[in-house]
Amino acid sequence: MSKASPADIMPLATVMARLRDPDTGCPWDIDQDFASIAPYTIEEAYEVADAIERNDIAGLRDELGDLLLQVAFHSRMAEQAGHFALQDVIDGITEKMIRRHPHVFGEGAKREDGHAQWEAIKAAERAEKEPDPSALAGVAIALPALLRAEKLQKRAARTGFDWPDMVGVIDKIAEELDEVRAAGTADEREEEVGDLIFAVVNLARHLKVDPETALRKANAKFDRRFRSMEDMAGPDFAGLSLDDKEGLWQRAKRQEKGA
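Using the numbering used here, the letters of the sequence shown correspond one by one to residues 1 to 259.
Any given hint could be a false lead.
Below, computed lysine-lysine pairings styled on BS3-like, alpha-carbon distance capped at 25 Å [claimed, not checked]: (1) LYS245 - LYS151; (2) LYS172 - LYS96; (3) LYS151 - LYS172; (4) LYS154 - LYS217; (5) LYS208 - LYS151; (6) LYS172 - LYS245; (7) LYS245 - LYS257; (8) LYS208 - LYS221; (9) LYS245 - LYS208; (10) LYS245 - LYS221; (11) LYS172 - LYS208; (12) LYS245 - LYS217; (13) LYS221 - LYS257; (14) LYS253 - LYS221; (15) LYS154 - LYS172; (16) LYS154 - LYS221; (17) LYS217 - LYS253.
If you anchor each label on the Cβ, the simulated ranges turn out as follows [to be verified]: (18) ARG54 - ASP171: 18 to 26 Å; (19) THR185 - PRO22: 51 to 59 Å; (20) LEU207 - ASP88: 23 to 31 Å; (21) ASP66 - ALA17: 36 to 44 Å; (22) GLY184 - PHE105: 54 to 62 Å; (23) VAL104 - ASP171: 24 to 32 Å; (24) LYS221 - ASP33: 52 to 60 Å; (25) ASP8 - ARG189: 53 to 61 Å; (26) ASP178 - LEU64: 28 to 36 Å.
These are calculated hints, taken from the structure and not from any lab test. Note that the structure is predicted; figures quoted are calculated from it, not measured. Using N, Cα and C, we set each Cβ at its ideal position, and we do this for glycine too.
Please construct the entire structure, taking both the sequences and the accompanying hints into account.
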């Protein structure tokens, strides 16, 4: 197959058409549907984020290709069902970006008004296609929980339902901690821990910290320090007392901070 010209991804659509051909295609690809492919789509999006976090530019190129394949896969299935094709997806997002950036593509608009215009246009688009009048309409249920919590909070904040500063959020976190301590059943503990996490996401939002990124970095830090503890202790790590392990943890922290 000839190499695609710059910005031409239609050869990828041709590949997907071959893979999904009912007579000559790949049996695995033919058997898939939107639901079976959705987990792979989510996985590929996370692998893009992982490559970015590791500053792996070569890997990022590969992962973006894998994510683009997911777009082509879903588009081909939709085309076979008579809904839309990959070109429709490309045309749709192109038109949407132009429509949502009148401060760039329009005349007379100010660039500093861009964000406000973006939000207003998005709201108008939602009102046109969604019968749900709620300010929370369109926040996908399938989003990762941290991301959905943040989006719900941002939508609510636009209506004025928000703390004026982070002091109220910190007080709310303290309140939720008390409720976790007071929870008596497994169901109550689950509910209160969920409320606590939701409140922490609210704090991150007020501090302009992305909670998903912050937690990924905390995970990476724990991974580094725990592995350092294992290296220092050797094969006997599991048999050490908790006090000894805590000592290794503090030592790993000091080493990481260069102390």
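For each hint, the structure was consulted:
1. Among the hinted pairs, LYS245 with LYS151 is inconsistent with the structure: their alpha-carbon atoms are about 39 Å apart, more than 25 Å.
2. Note on LYS172 and LYS96: the hinted pairing is violated, with a Cα-Cα distance of about 39 Å set against a maximum of 25 Å.
3. Distance hint between LYS151 and LYS172 is fulfilled; the C-alpha atoms sit about 19 Å from each other, no more than 25 Å.
4. Restraint check for LYS154 and LYS217: the C-alpha separation of about 23 Å stays at or below 25 Å, so the hint holds.
5. Note on LYS208 and LYS151: the hinted pairing holds, with a Cα-Cα distance of about 13 Å set against a maximum of 25 Å.
6. Note on LYS172 and LYS245: the hinted pairing is violated, with a Cα-Cα distance of about 33 Å set against a maximum of 25 Å.
7. Proposed proximity of LYS245 and LYS257 is supported: the alpha carbons are some 18 Å apart, at most 25 Å.
8. This hinted pair checks out: LYS208 and LYS221 have alpha carbons roughly 21 Å apart, not beyond 25 Å.
9. Straight-line distance between C-alpha atoms of LYS245 and LYS208 comes to about 35 Å, which puts the hinted pair past the 25 Å bound.
10. This hinted pair checks out: LYS245 and LYS221 have alpha carbons roughly 17 Å apart, not beyond 25 Å.
11. Using a Cα cut-off of 25 Å, the hinted pair LYS172 and LYS208 holds, with the two alpha carbons roughly 18 Å apart.
12. The straight-line distance between the Cα atoms of LYS245 and LYS217 is roughly 22 Å, inside the 25 Å bound, and the hint therefore holds.
13. Taken as a hint, the LYS221 and LYS257 pair is honoured in the structure, with Cα atoms around 11 Å apart against an allowance of 25 Å.
14. The straight-line distance between the Cα atoms of LYS253 and LYS221 is roughly 10 Å, inside the 25 Å bound, and the hint therefore holds.
15. Of the pairs offered as hints, the one joining LYS154 and LYS172 holds, with about 17 Å between alpha carbons and a cut-off of 25 Å not exceeded.
16. A hinted pair counts as satisfied when its Cα atoms are at most 25 Å apart, and LYS154 with LYS221 does not qualify at roughly 28 Å.
17. Under the criterion of a C-alpha separation no larger than 25 Å, the hint pairing LYS217 with LYS253 is consistent with the structure, at around 15 Å.
18. Checked against the hint of 18 to 26 Å, the pair ARG54 and ASP171 fails, with Cβ atoms roughly 38 Å apart.
19. Checked against the hint of 51 to 59 Å, the pair THR185 and PRO22 passes, with Cβ atoms roughly 53 Å apart.
20. Between LEU207 and ASP88 the beta carbon distance is about 40 Å. The supplied range of 23 to 31 Å is therefore violated.
21. Our hint of 36 to 44 Å for ASP66 and ALA17 is violated, since their Cβ atoms are close to 19 Å apart.
22. A hinted range of 54 to 62 Å holds for the C-beta pair GLY184 and PHE105, which are about 58 Å apart.
23. Range check, VAL104 to ASP171: Cβ separation about 42 Å, and the 24 to 32 Å hint is violated.
24. A beta carbon spacing of about 40 Å between LYS221 and ASP33 contradicts the range 52 to 60 Å that was offered as a hint.
25. The hinted window of 53 to 61 Å between ASP8 and ARG189 holds, with their beta carbons roughly 54 Å apart.
26. In this structure the hint that ASP178 and LEU64 lie 28 to 36 Å apart at CB is violated, the actual value being about 46 Å.
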